[in-house]
Every structure is written in structure tokens, then in C-alpha cells.
Amino acid sequence: MAPMPTRREVATKQRPTTDIVPLRIPSSAPEPVEDPRLSDVDEWGRSEHMRALARQLYEPIYSKWFRVEWEGLEKIPTDGGALLVANHAGAIPSDAPVIMHGVEKELGRPVYGMADYFFRTVPVVGTLWARTGGVSAKPENAYRILHDQRQLALVFPEGTKGPSKSFTDRYQLRRFGRGGFVEIAMRAGVPVIPIAVMGSEEAMPIVFRLPALAKALGLPYFPVTANLLLFGPLGIPIPFPAKFKLRVLDPVTFDVPPDQERYSKSRVMDEAERIRSILQETVYDMLRNRRSVWFG
Amino acid sequence: MGLGTKSPSVHFERAEFVRADQAYSILSRIVTATQVDTIVHTFLVVDSTLVGARALHEINVIGTMNLLAAAGSASSPVRHVVVKSSTLVYGSSEKDPNTFTEDMTRSAPARTRVERSLVEAEGLVHDFAVDNPATVVSLLRFANVLGTDIVTPISKNLSRRLCPSIFGFDPLVQFVEEDDVVRAIEFVTRERIPGLFNAAGAGRLPWSEVVSICGSRLLPLPPINPRRAIAPLIGLGLFEFPDELEGLLRYGRGVDTRRLTDAGFEFRYTSAGAVQSFIRALRLRRGSGRTPASYHYEHDVEQFFRHSRSVVHEP
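Heads up: the sequence lines are chains A and B, in that order. Heads up, the first sequence is in this note's numbering, so the first residue is 1 and it goes up one at a time. Heads up, the second sequence is in this note's numbering, so the first residue is 1 and it goes up one at a time.
Rather than coming from a laboratory, the hints here were simulated on the basis of the structure. Glycine is no exception: its CB is placed at the ideal position from the N, C-alpha and C atoms. Treat the hints loosely; a few may be bogus.
Mimicking EDC-like on lysine to aspartate or glutamate, the simulated pairs with C-alpha atoms at most 16 Å apart in a straight line are [said to hold, decoys possible]:
#	chain 1	residue 1	chain 2	residue 2
1	A	K105	A	D79
2	B	K84	B	D47
3	B	K95	A	E140
4	B	K156	B	D47
5	B	K95	A	D116
6	A	K138	A	D148
7	A	K138	B	E94
Quick list of the computed label-pair ranges, beta carbon to beta carbon [unchecked claim]:
#	chain 1	residue 1	chain 2	residue 2	range
8	B	R217	A	R170	44 to 52 Å
9	A	D116	B	P222	19 to 27 Å
10	B	P222	A	F118	17 to 25 Å
11	A	R267	B	D37	46 to 54 Å
12	A	P36	B	D37	36 to 44 Å
13	A	L128	B	I150	27 to 35 Å
14	A	K265	B	G2	54 to 62 Å
15	B	K156	A	A52	34 to 42 Å
16	B	T148	A	Q56	38 to 46 Å
Required output: the full structure, derived from the provided sequences and hints.
Rendered as C-alpha cells:
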């Protein structure tokens, strides 16, 4: 601690004894100390090792079960931050793992999947979710990933309203939240890349919901899926083998300076609505050209 | 000059020591009498196992209030106040952002005693800074401290064969080494840097990794009411599980330290390095059977150097 010159000290002017007989004191200059990390878990809780394992397990589902086909994958940048935005569907949505798996496999760069903080509160699930690239959907988190670390983040602006809708509302995109994703992209100065997903609705269609049970269990929604009705409990985690097709749309950039305190709310809402309608139109277009739910 | 309620455990070389509690009148007289220009406030209690609920409030809130009142009197000579606080003020909740910067506030109201008193004490420091614009106020928020000598509930748990965790949760935690704590306080004091700073070692690591670096094993407690599950063992002193640890073992906590490093401070230890430093010191203590010698001020030797005729004084 810095010596505080009290009056007495100034008065006596004592020489430190180290002046009389030199004492070798180690220099206070910081020398790097080794870092004994044992795992590769990053500050988001993502582990590349765990991701590789998850990719290995998911690969058969990705290429054999869903037979995923991409269109326009080259529109996703190979470096720099970008916000991937997609439509969200299916009781336990398969679109998130499909997009994360596909981008990591084809482009070789990590994707942080943003979801409701609810996942953090569930034992085991929360930890596995974090290790495989899940991050809770907070604006501060998105900004840090996109702006400070220049990585890819994936968000579903519909939130839980997307996967909780019944099969009768399939491919009807819900409200895009409050446009927060646009504001974050503006603040971080990164493009929004919309991805239209087809197949997720049929992989796990919701026949009806049990809101009372959901409330009692503290879940966002409690779906009764066709999978459950057909195969019993076995059907809870297993999706139908619907053909997945994904189309990456042109990146949307905003002509505004980054790091502003506030952005025009009307501009933000306009952009969010525009992105929603492009995605909705693209999904309709893909449905028009689809001959079979199972074979594409 | 040092001030505290207990006698110092080591001899001071050049500083003087006054044994006093935090009563306002004493502090005020000391400040006026010595004309101190810098106050370094390091007595905030961040471990609720050390003192009872009342004492915690008395020390953290009332003590800080008295000290700042003494420092802020009309004719005060004080030009710089440094306060050592903790990242506990950010709390630990599922709604937290991954990384707290100094400008962010906690996501949920403070529930544990120690967090409440720290939030209140920091509020007093903030008010003091507003009321005394001529005084430089530096507030440092330190992450959980580990190191060669410090004893905390976490270090006690890590030094045992089994270390409590909450089943299904493996939070990311951040540590700061005790030497870096002292160096950071010294840095802001010497450089007179005003403002609020987070201080923590670089990087963060899962709790399971901390435990395995220390050669301990995880003892998973039930996610619902984990404290009650080991209450008898806490009573026996086999485990430490204060309220403020439960949130940390569930959701962890991360802080951004760029403000302090941009000001020119360099941390010597990473978070994992702090864990390593702690466990190495512990192994040495266990292996050597006595406290390993570090630098200690020897009063008699000092007097010998200073006054003995045998010491050759070079011109």
C-alpha cells in the first residue's frame, strides 16, 4: 500500500533499513503465472470438446433422419459477428440444433444459440445446454458475442410463442418479440441473416396444450404432441423424420452508427416487421414447392 | 497508519497502528489529528460465516457510514478514498447476463444478508462521492478471493476430500488471487484513479474444474434446498455453505475487468491461476508441517541494523 506521509513520519525522516543493508525483495512487476486449465469450457460455458461429441451424436439425425438441405449457406460470413435469425417451431424445436450443427459443420465456426433463461434453472439440462453452445437470450450477452467477440449468434425472435403453437397454425410466424434483435444488431454493428426453416413443424406437431399443467410445473408450455399420442412416452424425445430444408436469405444491414444509446423505436419495429415478412414469404414459397413432407 | 479492532498479526515496518472500533467520534478525531489525505477502506465483511447478522450490519453499513462521515467533514484533509467491495453486489441469478460490467446492476433484489449490507454500503460510498466532488473515490469490486493465506468458506470446502456442489449445476466461477487484490488496491491508491472497477482474474472455469484442480471430489446436493441436506454437516463444521454461496454454486458469476486493465493494471494470476496458487500453498502447508516462511518484519533485527555499531555504515 502506498505510504501515507503522516506528520510524524515526515518529522523523523527515518531511513528504511534496506538503505543501510540492502534486502533483495522480488520485483513487483507482474510475471505471467501458468494457467492450469483442465477443460476447454469458455466464458459462455461452451466446450468445443463437448460440441464435437454432440456433433458426432447428432450427425446421423442431421443427415439420415432429417436429411437436411441448405440453400445459400455461403451468405453466412466466415468471420466477423452476425446475427442469425430463424423461424421457430415444433414442441421440442429441432431447428436450433439443425442450424447450429449445419453451420459448424459447413463453415467450421461456432454458433451460440440464444434461448430463454428458463433453461438455466433446470438441473443437468441447463449445464448440457451451456456446454453445447447455449446462452441465455439477454441483450448484454448478444452484444458481447456479436460486437466484442465477433462470433455468430442464433436467435428465434418468436421466442416460446413459435414452438408452442398448435399444428393448425403451422408455418404462421408469430410476432417478432419487441424487435430487440434488430436493436442489438444495430448496436453491435452486425448484419442480420434470416434463415427460413421448413420441416420443423412436422417433426414434432403439437395436437393440443395443457396450460394448467404447464403452470403447475412452472414450464413455459406443456405440449401434447402427435409423437406422444402415437408412440407413448418414447415419442416425447423422438421427432418424426420430416425433410428439413433451410434457405439462407440475403444479410440485412442497417445504415445506422453502432454503439448508440438509443435507436428509433419505429425504425427498429419497421425493420423487425420487414424481416418477419421476408421470412414468412420465403417459408410460403418453400411450402409451394414442397411435394412431400417426408421427401421434400 | 493502520486502524482496526484487532491487533495486527504481523509487525508493521513503517506504519503505526491504532486499535479502535468504527465509532464516529474516534474516527473523526483521528482524521483531524493526523491530517490523513488518503483512506483505504478494506474492512467490509464479505463472508457471513465470520460474524452474526447484527455485527455484519454494524460493520459494513454503520462502520462505512461513520468512516465516510469522518472523511467528509467540512475541514476534512482527505483527498482520496479507496473502498474494497465485492462482486457479491451483482448477486447470482438465472436472469443475470453472462458478464457484468461496472455499469450493470443486479437482476434480482439482494436476498442474503451480506449482499444486502454490501449494496447498502456501496450506496453510502456513492452518496459520499456525489457530496464530495473534490475527493477522489475509488471503489473496487473483487471476485471471490483465493490465494496462499486467505481462508474463506470456498477455500475451506476446497481443502477437504469432498466439496459441495448442487446436482445438475456446474456454474462458471471467477477468482482473484490475494496478491492481485493487494496490488489492485495499491494501484488505484498510488495512481489516484477515481471510479468503479471490477477486479477478477482473467477467464473463468466450471466449479467441477476448480474442484478437480484442487484434487477434491464433488458432493452433489439436491437442487431443492441444498443447504438443508447438509445442515448437520455444516453444524459439525465439515462443510461451509453460507447463503451467498448457494447462488454462486447454481448460476456462477462473471465480471468484465477491462476498465481496470485499460487503466493500466495487470493481473498476475488468471482465475485458474488463483486456484492453483491456493492449492499449492495448501499442499506446502500440509507437506512441510509448519507455516512456510515468507517475508516478516523483525523488529529486533531492524533495531540491530539501525543502531548496532557492528553494522558498517557506508558513507
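- Message: Could you work out which of the previously given hints the structure breaks and list their numbers from low to high?
- Response: When the structure is compared with the hints, none of them turns out to be violated.
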